[in-house]
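Asks: Work out the full structure: start from the sequences and follow the hints.
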Amino acid sequence: MNTDDLIACPVCDVLHRDRDVPKHRIARCACCGSVLAAPKSGAMTRVTMLSVTALILLVAAAGFPFLELSAQGLSHRASVLDAVLAFSQGPMAILSFATAFLIVLLPAARFCALIYTLAPMALGWRPAKNAVEVYRWAEWIRPWAMAEIFIIGVAVALVKVSGLARVDLGPAFWSFAALLVVTVMTDSAICRMTVWKTLKTRSDS
Amino acid sequence: MENTENAQRFLTASRAGMIGCRMCGAVNPGDARVCTRCSSAIAPPDPASLQAVWAWLTAGLIAYVPANVYPMLRTTTLGHSSDSTLIGGIVELFAHGAFGVGFIVFFASIFIPIAKFVAIGYLAISVRRPSTLDSHSRLVLFEIVEFIGRWSMIDVFVVAILTALVQLDFAASISPGIAAVSFALSVAFTMLAAQSFDPRLIWAANSRSAE
Numbered sequence: 558m559n560t561d562d563l564i565a566c567p568v569c570d571v572l573h574r575d576r577d578v579p580k581h582r583i584a585r586c587a588c589c590g591s592v593l594a595a596p597k598s599g600a601m602t603r604v605t606m607l608s609v610t611a612l613i614l615l616v617a618a619a620g621f622p623f624l625e626l627s628a629q630g631l632s633h634r635a636s637v638l639d640a641v642l643a644f645s646q647g648p649m650a651i652l653s654f655a656t657a658f659l660i661v662l663l664p665a666a667r668f669c670a671l672i673y674t675l676a677p678m679a680l681g682w683r684p685a686k687n688a689v690e691v692y693r694w695a696e697w698i699r700p701w702a703m704a705e706i707f708i709i710g711v712a713v714a715l716v717k718v719s720g721l722a723r724v725d726l727g728p729a730f731w732s733f734a735a736l737l738v739v740t741v742m743t744d745s746a747i748c749r750m751t752v753w754k755t756l757k758t759r760s761d762s
Numbered sequence: 238m239e240n241t242e243n244a245q246r247f248l249t250a251s252r253a254g255m256i257g258c259r260m261c262g263a264v265n266p267g268d269a270r271v272c273t274r275c276s277s278a279i280a281p282p283d284p285a286s287l288q289a290v291w292a293w294l295t296a297g298l299i300a301y302v303p304a305n306v307y308p309m310l311r312t313t314t315l316g317h318s319s320d321s322t323l324i325g326g327i328v329e330l331f332a333h334g335a336f337g338v339g340f341i342v343f344f345a346s347i348f349i350p351i352a353k354f355v356a357i358g359y360l361a362i363s364v365r366r367p368s369t370l371d372s373h374s375r376l377v378l379f380e381i382v383e384f385i386g387r388w389s390m391i392d393v394f395v396v397a398i399l400t401a402l403v404q405l406d407f408a409a410s411i412s413p414g415i416a417a418v419s420f421a422l423s424v425a426f427t428m429l430a431a432q433s434f435d436p437r438l439i440w441a442a443n444s445r446s447a448e
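Protein chains in written order, with the working numbering: chain G, 558 to 762; chain B, 238 to 448.
Think of the hints as simulated: they come from the structure by calculation, not from any bench. Misleading hints may appear alongside valid ones.
Stretch by stretch, here's where chain G covers chain B in the computed footprint (C-beta under 8 Å, at least three residues) [to be verified]:
no., region
1, 249–255
2, 272–279
3, 330–342
4, 411–424
By construction, the Cβ of each residue, glycine as well, lies at the ideal position given by its N, Cα and C atoms.
Replies: Structure below.
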């Protein structure tokens with residue numbers, strides 16, 4: 558039996574015959590109901606564009622101040638870079654590294670990886686060198702890219718500080734909010750199974 | 238019973254002597270160690286992999302204790318400094334009348350971590366012995382745990398933001414406490430525990446009991 562005609566559900570391991578799924582239809586596992594494939598037309602192009610958008614927003618979100626605090630004539634603005642550097646002294650340096658990774662570096666790296674693997678496919682080229690490894694890595698770090706969780710943290714901090722001083726939202730707050738939307742749109746446009754199959758067939762040909 | 242019926246109606250890759258890839262769904266021959274399509278490391282579902290789940294879960298539980306005992310934040314206002322713990326911070330939010338945010342923080346840092354410890358422990362036990370919940374409910378439980386786990390990081394980010402923001406020299410300043418580090422570690426360890434759980438085992442246990 559040729560194993561290329563079969564796919565196994567990644568969640569429950571049940572075998573399915575591999576058929577082409579029409580665009581905008583969803584193929585679900587017959588046993589556990591997990592989504593096996595959900596191809597969309599122009600998904601590769603869309604994901605590439607959304608990733609570029611997200612990268613630009615991420616630069617703005619990291620560089621501009623997201624909150625400005627003023628009390629008793631003193632004022633202080635904080636950008637994400639300040640938040641990262643806040644822990645940089647003493648034993649808290651680990652937290653500083655973790656925060657930098659989770660909210661700036663990993664999301665940025667993931668979007669770069671998505672552009673690297675999907676842009677050549679959107680253009681119909683052969684996959685870039687090591688595209689398989691890069692895409693696997695991008696899938697692996699997905700739960701660790703936490704830029705969207707940071708914005709809820711900003712909201713909580715806003716309430717905590719509002720009793721102490723006057724707080725104003727900075728431009729980075731809104732780029733984070735936009736980043737949240739773009740991240741969700743990117744994730745829902747990707748169909749993993751289709752990406753893997755396209756990578757495989759393009760690199761074989 | 239529905240479960241036994243499922244096990245007979247559907248053939249899994251491992252029972253057919255093949256290995257399904259959990260990354261891309263490709264079916265590989267039974268002696269393969271690396272997926273032919275996406276070159277991920279692959280292995281048949283094996284209850285021995287639960288050891289990793291238990292190890293990460295224990296590490297997460299251990300780190301969760303100092304996260305609750307030690308101070309999360311140290312606030313200095315006009316030369317007077319006070320420490321607040323995780324629970325202290327939530328009580329303060331409620332005292333300020335910020336019920337919505339108080340509930341979010343309570344859910345993210347108390348309810349979700351504890352519920353996650355219980356849920357992952359339950360899932361790991363349930364694949365070894367007959368369980369009261371059927372496979373589908375357990376899969377839903379696993380997906381909820383996997384999805385919601387990362388949101389517990391909110392509190393760590395709040396500490397980072399407050400520390401960066403409230404630096405008004407003498408008037409007010411905030412610095413992080415050691416609990417922030419252990420809380421971040423606890424969340425990371427439980428995320429790893431959830432990731433090392435192999436959901437295929439939920440169904441593998443059913444087909445074993447059906448045989």
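Asks: Decide, hint by hint, whether the structure agrees.
Replies: Okay, the hints, checked on the actual structure:
no.: 1; hint: 249–255; in the structure: holds (count 5)
no.: 2; hint: 272–279; in the structure: holds (count 4)
no.: 3; hint: 330–342; in the structure: holds (count 6)
no.: 4; hint: 411–424; in the structure: holds (count 5)
Every hint from the earlier list agrees with this structure, and none is contradicted.
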